Every structure is written in C-alpha cells, then in structure tokens.
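Asks: Starting from the known structure of chain A, fit chain B onto it as the hints suggest.
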Amino acid sequence: AQSVSQHNHHVILSEAASLELGCNYSYGGTVNLFWYVQYPGQHLQLLLKYFSGDPLVKGIKGFEAEFIKSKFSFNLRKPSVQWSDTAEYFCAVNARGGADGLTFGKGTHLIIQP
Amino acid sequence: EPEVTQTPSHQVTQMGQEVILRCVPISNHLYFYWYRQILGQKVEFLVSFYNNEISEKSEIFDDQFSVERPDGSNFTLKIRSTKLEDSAMYFCASSGTGGTYNEQFFGPGTRLTVL
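Quick mapping for you: the protein sequence lines, in order, are chains A and B. So the first sequence is numbered by this note's numbering: it starts at 1 and just counts up by one. So the second sequence is numbered by this note's numbering: it starts at 115 and just counts up by one.
In isolation and in its complexed conformation, chain A is listed as follows (with noise of 0.2 Å):
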C-alpha cells in the first residue's frame, strides 16, 4: 500500500524566509507525485506535480520540488516566502498510468509572519 509522510506538522516563518517542506512516500512501483496547497477557506489547488522527466518541477507562485528517487522524496521548496503564502500544503502520491486515488501525507500548516 502506498503512503505519504511529511516531517513538519507545523511550521513557522518570518517573511522572505527560505523555505523546504519534507515529503516521503512508500510505494512499490513508479508514481505521478503531487503538492496541493489550500488556503484559509479555500479548496485545495495543485502546486506542482512530478510526472517524469526533469526532476525538478517549478509550479505556481515560486515554489518548486525536487523528485530524489533514490530517497523516495519530493521536498517542496521556495527561496523567499511571503505572508499570502500561508496556508496547508499536502504532498500526494498515485500510481502511474492510471486515474487511480490520491494517497496524501497528513499536511504541514504553515504560517508566515509577517
């Protein structure tokens, strides 16, 4: 079964911070791997997704991730936070070729101070 952990339930930044939010995830075969963030009253929305190719993937809004296959991981970065980025940010993984379901991790809150 697949799983997705993030390291950081909570975190908290001063504006124009660098940010990195860990993201593992268990599974045996290839993935497609996703972050959604969702702000405060609003739905969730893709920042960014790994499909294959470039490892490195640049999504909306600064933010980019890093696929390291080897350690399982796909960190979300930003270099220079602001206080409109805070909100919830859920890694998510599923199984490439198919349309199946999203495993997500348990999601880290971030706050940005401004």
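Everything labelled a hint here was simulated from the structure, so no lab data went into it. Computed from a predicted structure; not experimentally measured. Glycine residues also receive a C-beta, built at the ideal position from the N, C-alpha and C atoms. It is possible that some hints are incorrect.
As the list claims (entries may be wrong) - Straight-line C-alpha distance at most 27 Å; calculated DSS-like pairs for lysine-lysine: (1) K192/B - K106/A; (2) K156/B - K61/A; (3) K156/B - K171/B; (4) K171/B - K49/A.
Claimed, not checked - Computed, partial: chain A to chain B, Cβ under 7 Å: (5) N8; (6) L44; (7) Y50; (8) E66; (9) A99; (10) G101; (11) K106.
Replies: Using the frame of chain A, we list chain B on its own:
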C-alpha cells in the same frame, strides 16, 4: 476557468439518516473521485468512478456508501445511515483522462456534521 462545484457547503444530519452530497465535475472530465478529511486528519481517498462504474475504492468505502452519476453533469455520494464518525469534510474531484496526466481538480468541499 472551469471549476468543480459541490453542494451543499454544510450539511447537518441526525445519526442514522441518509445524506446525499452533490458534485458537478468539470464538464469534459472523465474520472470522478470522492475524498474525505476528518477534522485534524489527512485527506483520505474514498472512491473513483469512470464510465459509469466504480473503478477503485478504499477500505473506508463500505456498504453504507454509494456513488452515482444520475445525469450528464452531477456526481453524488450517498451515505445510507450516517454515523457520528462520518462527520468530516467531503471533497469531490475530477480529472480529464487517465494515463499519466490525471491531474485532479478539487471542489470546495461539503462539511458534514452528524449529530
């Protein structure tokens, strides 16, 4: 930009009652999903639906749950006899095609409260 919509936004029901949660997926999408998030816990996959039948379901999706696409636009989740532990946020999602490009678009959710 097309969006997934869900109604109602909040549903309160008594234990043992039946509830139907409604979703309108993005119009040209082919795959439909339901997820739930119990307060303080992670988002959990319930079921996926394609070509008018269930394609995958989780252990959570037992006999009290059912899904239906009654017409060309709606996708519903029915809980036959609600329990207290069914209280959660329920999200609908849809995606365009299978293969490796199944980016799922989520609706805003329905908060179900079972009393």
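Asks: Quick check on the hint: E66/A CB to chain B CB, less than 7 Å?
Replies: violated (19 Å)
Asks: Is K156/B close enough to K61/A, meaning Cα to Cα at most 27 Å?
Replies: Roughly 24 Å between the alpha carbons, so the hint for K156/B and K61/A holds.
Asks: Measuring from the C-beta of A99/A to each C-beta in chain B, is the shortest one below 7 Å?
Replies: holds (4 Å)
Asks: Holds or violated: is there a CB of chain B closer than 7 Å to the CB of Y50/A?
Replies: violated (10 Å)
Asks: With a cut-off of 27 Å on the C-alpha distance, tell me whether K192/B and K106/A pass.
Replies: holds (26 Å)
Asks: Return the status of the interface hint for N8/A: holds when the least beta-carbon distance to chain B is below 7 Å, violated otherwise.
Replies: violated (14 Å)
Asks: For the restraint on K106/A, tell me whether the closest CB of chain B is nearer than 7 Å.
Replies: holds (4 Å)
Asks: Double-check L44/A for me: the hint is only fine if its C-beta lies closer than 7 Å to a C-beta in chain B.
Replies: Where the cut-off is 7 Å and the nearest Cβ of chain B is about 4 Å from L44/A, the hint holds.
Asks: For a C-alpha distance cap of 27 Å, please report whether K171/B and K49/A respect it.
Replies: It holds: about 23 Å lies between the C-alpha atoms, which stays within 27 Å.
Asks: Regarding the pair K156/B and K171/B, is the alpha-carbon distance no greater than 27 Å?
Replies: Roughly 17 Å separates the two Cα atoms, so the pair holds.
Asks: Do the numbers back the hint for G101/A, that is, is its least Cβ distance to chain B under 7 Å?
Replies: holds (3 Å)
Consistency note: the structure conflicts with the earlier hints numbered 5, 7 and 8.
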